[in-house]
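Let the hints inform the model, and build the full structure from the sequences given.
Protein chains in written order, with my numbering: chain A, 1 to 495; chain B, 1001 to 1286.
No lab work stands behind these hints, which were simulated from the structure alone.
Positions of the beta carbon are idealized from the N, C-alpha and C atoms, including for glycine.
Honestly, I wouldn't trust all of these hints.
[Claimed, not checked] PhoX-like, lysine-lysine: derived pairs with alpha carbons at most 25 Å apart:
#1 A/K446 x B/K1235
#2 B/K1077 x B/K1007
#3 A/K175 x A/K254
#4 A/K388 x A/K252
#5 A/K50 x B/K1263
#6 A/K388 x B/K1122
#7 A/K275 x B/K1138
#8 A/K388 x B/K1098
#9 A/K139 x A/K30
#10 B/K1235 x A/K275
#11 B/K1119 x B/K1138
#12 A/K208 x B/K1077
#13 B/K1263 x A/K301
#14 A/K443 x B/K1235
#15 B/K1098 x B/K1119
[Said to hold, decoys possible] To spell it out: a stretch of chain B is covered by chain A in this simulated footprint if at least three of its residues, at any positions, have a beta carbon under 8 Å from a beta carbon of chain A; those stretches are:
#16 1080 to 1086
#17 1167 to 1178
#18 1255 to 1261
[Said to hold, decoys possible] Across the chosen pairs, the derived CB separations fall in these ranges:
#19 A/G441 x B/K1248: 44 to 50 Å
#20 B/H1095 x A/R195: 25 to 31 Å
#21 B/H1207 x A/T173: 51 to 57 Å
#22 B/H1207 x A/I451: 34 to 40 Å
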Amino acid sequence: MSHITPEALAEAAHRELDAILKKTAPLTPKERIAIPVQDMPTQDPEVRRKNVQEVALGYTPEQARLESMRCLQCRNAPCVQGCPVRIDIPGFLKAAAAGDFLGACAVIKKNSLLPAVCGRVCPQEVQCQEHCTVGKSLKSVDKAVSIGRVERYVADLERDSGKAVSPVIKPATGKKVAVIGSGPASVTVAADVRREGHQVVMFEAFHKPGGVLVYGIPEFRLPKAIVQKEIDALLAMGVEIKTNFVIGRTRKLKALIEEDGFDAVFIGTGAGLPKFMNIEGENLVGVFAANEYLTRANLMKAYDFGRADTPIYRAGRVAILGGGNVAMDAARTAVRLGAAEVHVIYRRTEVEMPARVEEIAHAKEEGVIFHLLENVSRVMGDENGCVKAVECLRYELGEPDASGRRRPVEIKGSEFIRDVEAVIVAIGNDSNPLIPRTTEGLKTTKWGNIIVDETGKTSIDGVYAGGDIVLGAATVILAMGEGRRAAASINERLK
Amino acid sequence: MNRILAKTQLSDDVYMMRLDAPHIARERLPGQFVILQLDNDYGERIPLTIADADPAEGSLTIIFQAVGKTTHNLADKAVGESVVSVLGPLGQPTHIEKFGTVVCVGGGIGVAPLHPIVKGMKQAGNRVIVIVGARNRKLVILEEQMRALADEFIVCTDDGSYGRKALVTEPLKEVCARIPKPELAVAIGPPVMMKFCAEATRPFGVHTLVSLNTIMIDGTGMCGGCRVTVGGQTKFVCVDGPEFDGHKVDFDNMMQRLKAYRKHEDTAHHQCHLDAEIQAKERSLS
Chain A
1 MSHITPEALA EAAHRELDAI LKKTAPLTPK ERIAIPVQDM PTQDPEVRRK NVQEVALGYT
61 PEQARLESMR CLQCRNAPCV QGCPVRIDIP GFLKAAAAGD FLGACAVIKK NSLLPAVCGR
121 VCPQEVQCQE HCTVGKSLKS VDKAVSIGRV ERYVADLERD SGKAVSPVIK PATGKKVAVI
181 GSGPASVTVA ADVRREGHQV VMFEAFHKPG GVLVYGIPEF RLPKAIVQKE IDALLAMGVE
241 IKTNFVIGRT RKLKALIEED GFDAVFIGTG AGLPKFMNIE GENLVGVFAA NEYLTRANLM
301 KAYDFGRADT PIYRAGRVAI LGGGNVAMDA ARTAVRLGAA EVHVIYRRTE VEMPARVEEI
361 AHAKEEGVIF HLLENVSRVM GDENGCVKAV ECLRYELGEP DASGRRRPVE IKGSEFIRDV
421 EAVIVAIGND SNPLIPRTTE GLKTTKWGNI IVDETGKTSI DGVYAGGDIV LGAATVILAM
481 GEGRRAAASI NERLK
Chain B
1001 MNRILAKTQL SDDVYMMRLD APHIARERLP GQFVILQLDN DYGERIPLTI ADADPAEGSL
1061 TIIFQAVGKT THNLADKAVG ESVVSVLGPL GQPTHIEKFG TVVCVGGGIG VAPLHPIVKG
1121 MKQAGNRVIV IVGARNRKLV ILEEQMRALA DEFIVCTDDG SYGRKALVTE PLKEVCARIP
1181 KPELAVAIGP PVMMKFCAEA TRPFGVHTLV SLNTIMIDGT GMCGGCRVTV GGQTKFVCVD
1241 GPEFDGHKVD FDNMMQRLKA YRKHEDTAHH QCHLDAEIQA KERSLS
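This is how it looks when you write it as structure tokens:
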């Protein structure tokens, strides 16, 4: 795929929109479908491989209007059914098509608190866009209305306009809610509960709030300044944020209720306990969990050589194990840290890869090499205990397993060696044990996920949970949906 | 923000500091540690052991050696200044009960985290034998405090400038050879010291706890950087430890992992000395 320059995309959109605006009659559905999909302008792959600036540059106003005009305004709005927080998608696209971008953003904000974030990191192709009638009639989800790109455009415009409206806060109720963690689920709960006039204190173990949005997702996909704006918005609403405060250690969860006077607690601590493969050599020097690698690069800014105190392991040849978004983030981070070769090793095929199509495409454009139907069976080290190679096995796809995906089966005797100096394990996370271990009576599944009922309530009265700590590793928007549900129950309880 | 309430230089590059940290002071138990950071944008997060705490004052005592950039910068801070981030208490507390006789071995600044454990073991009614080791007399820390707590106190130095001229493993073996042998050994110090302490007690079958201080970032289980191999299994020092059965720890792997960033650290350390020299020159010129 060759890279189209942002200028060329802007120019094409300009011409297209001019032609449409000259027409007097309203667009027919046929004409709407005929409008070309507006590609996202991006940095040239050769340039962006060497920087950490955002890859996707965002639509021009013309592109945003054109893309919105592609929406058929279906009466049954199948897209809304695919959205975990039920945004009025045809509603905001209608406003955007007319050029009322701030109005469009206001429609989104009725349901979603973090449109600038979700517009960037939501897997729209398996949510709203999967159900889009335009995509269906063009027989490709890639040709659905790019709802996420328009969402991002209007959210960025609203933020930069300085006209963002702070939500109305109801009069103080005297009730107090503790929110543990500061990722997407927690941010949603904090805002929704604060709006009702309750006092909200958010506890974050790291020195900066934002959770996975700051430590996990890289700058080139989600600029940290954008996350900070969202956090600033919470502060402006009167939410108090205590950083360097780990519930379970600095203070026990039960003490928050029994001694500190909190009327309800929300646990949104995420899925932070990296999985390893339990193979020989995985504790050698040069083997990292993606969490560590990404945290060093993102939160600790290790990419800023010479300025950041936190080091990051720089290797010429890097193997990434896994096929999800985190694997793509790690691979593309390794590219930016100067690796000569980055190899993604995944035991199924590209179709089964959990990563977003867009992330896989971006990684390929940046020179990441994919090895499919292959898995690492052993990590090999040199005399100093440093990684020098991985032993791999070839796989083939067998019968579908419980997840419906065809099960990868190893081909016996197919071992071969791939020389690498670093291995990044990105095969997922288990739930963090800190709060369950230090909170008596908090029920979890055998995998350590906190068990909640349909209202987000845990086994302890007044304690709610949501996001990855309940779901296992999921997505930002699902975490927000969970947060929204728990916040509604908390608000109901405190009435 | 955690204000520095007191600062004492214990030897050339070893410092003791009392920090304002009321929550940590209230919750911390022997065996736990903190993570500290001096600059929230570009600073690194370093794990440090807790030497003592005063819940009434809301303070925490740390003892550290100025060996890297952050510890050098920390050492340069004056009373009244603040440390921007202190997180804790982290890790599982030491399991303390009345075992009978407990031998506690501290090497170098490993004596600092040993102090609250000795205190706890003593309070639980144990007979506590303390062995303290250092390279030379100047590097022996907390001697008075340990002497006051211990039923038996043995000090040794590598160069014989104070106490016995011996490595700590020598008196440790002697103590283990006694009848009855101690019920428990606790060894905290440089990795190589802990490794050989574990080897010293192994033939006697004395259960030996070691407290590991590996590279970590978050300290809450999220990054996995601190992992060690214990009994063939991967464990996280921050949430499963920091104390483990010394007879099961793969010390060689741990020591290799500790060197992962040596090249980077050497450069940073060198740079930090250069910066200090430049600053000193600037001060002398102005």
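Okay, the hints, checked on the actual structure:
Restraint check for A/K446 and B/K1235: the C-alpha separation of about 19 Å stays at or below 25 Å, so the hint holds. Proposed proximity of B/K1077 and B/K1007 is supported: the alpha carbons are some 9 Å apart, at most 25 Å. Proximity of A/K175 to A/K254 is assessed by CA-CA distance (about 17 Å); at most 25 Å being required, the pair is judged to hold. Distance restraint check for A/K388 and A/K252: the Cα-Cα separation of roughly 44 Å exceeds the 25 Å cut-off, and the hinted pair is therefore not satisfied.
For a cut-off of 25 Å, the pair hint linking A/K50 to B/K1263 stands: about 23 Å separates their Cα positions. Distance check on the hinted pair: A/K388 and B/K1122 sit about 48 Å apart at the alpha-carbon level, beyond 25 Å; violated. Restraint check: the Cα-Cα separation between A/K275 and B/K1138 comes to about 45 Å, which exceeds 25 Å; the hinted pair is violated. Distance restraint check for A/K388 and B/K1098: the Cα-Cα separation of roughly 48 Å exceeds the 25 Å cut-off, and the hinted pair is therefore not satisfied.
The hinted pair formed by A/K139 and A/K30 meets the criterion: a straight-line CA distance of about 15 Å does not exceed 25 Å. A hinted pair counts as satisfied when its Cα atoms are at most 25 Å apart, and B/K1235 with A/K275 qualifies at roughly 12 Å. The hinted pair formed by B/K1119 and B/K1138 meets the criterion: a straight-line CA distance of about 23 Å does not exceed 25 Å. The straight-line distance between the Cα atoms of A/K208 and B/K1077 is roughly 23 Å, inside the 25 Å bound, and the hint therefore holds.
With a C-alpha separation of about 18 Å, the suggested pairing of B/K1263 with A/K301 holds against the 25 Å cut-off. Only pairs whose Cα atoms come within 25 Å are accepted, and A/K443 paired with B/K1235 is accepted, the gap being roughly 23 Å. Pair hint B/K1098 plus B/K1119 holds up; C-alpha atoms about 13 Å apart against a cutoff of 25 Å. A stretch counts as covered by a chain when three or more of its residues have a beta carbon under 8 Å from one of that chain; for the segment 1080 to 1086 of chain B and chain A the count is 3, and the coverage holds.
A count of 0 residues in the segment 1167 to 1178 of chain B with a Cβ less than 8 Å from any Cβ of chain A is obtained; the coverage claim is therefore unmet, three being the minimum. Taking a C-beta to C-beta cut-off of 8 Å, the segment 1255 to 1261 of chain B contributes 5 residues in contact with chain A, enough for the three needed, and the coverage statement holds. Range check, A/G441 to B/K1248: about 32 Å between beta-carbon atoms, so the 44 to 50 Å window is missed. Taken as a hint, the range 25 to 31 Å is violated for the pair B/H1095 and A/R195, whose Cβ atoms sit roughly 46 Å apart.
Between B/H1207 and A/T173 the C-beta distance comes to about 54 Å, which sits within the given range of 51 to 57 Å. Evaluation of the 34 to 40 Å hint for B/H1207 and A/I451 yields a pass: the beta carbon distance comes to about 37 Å.
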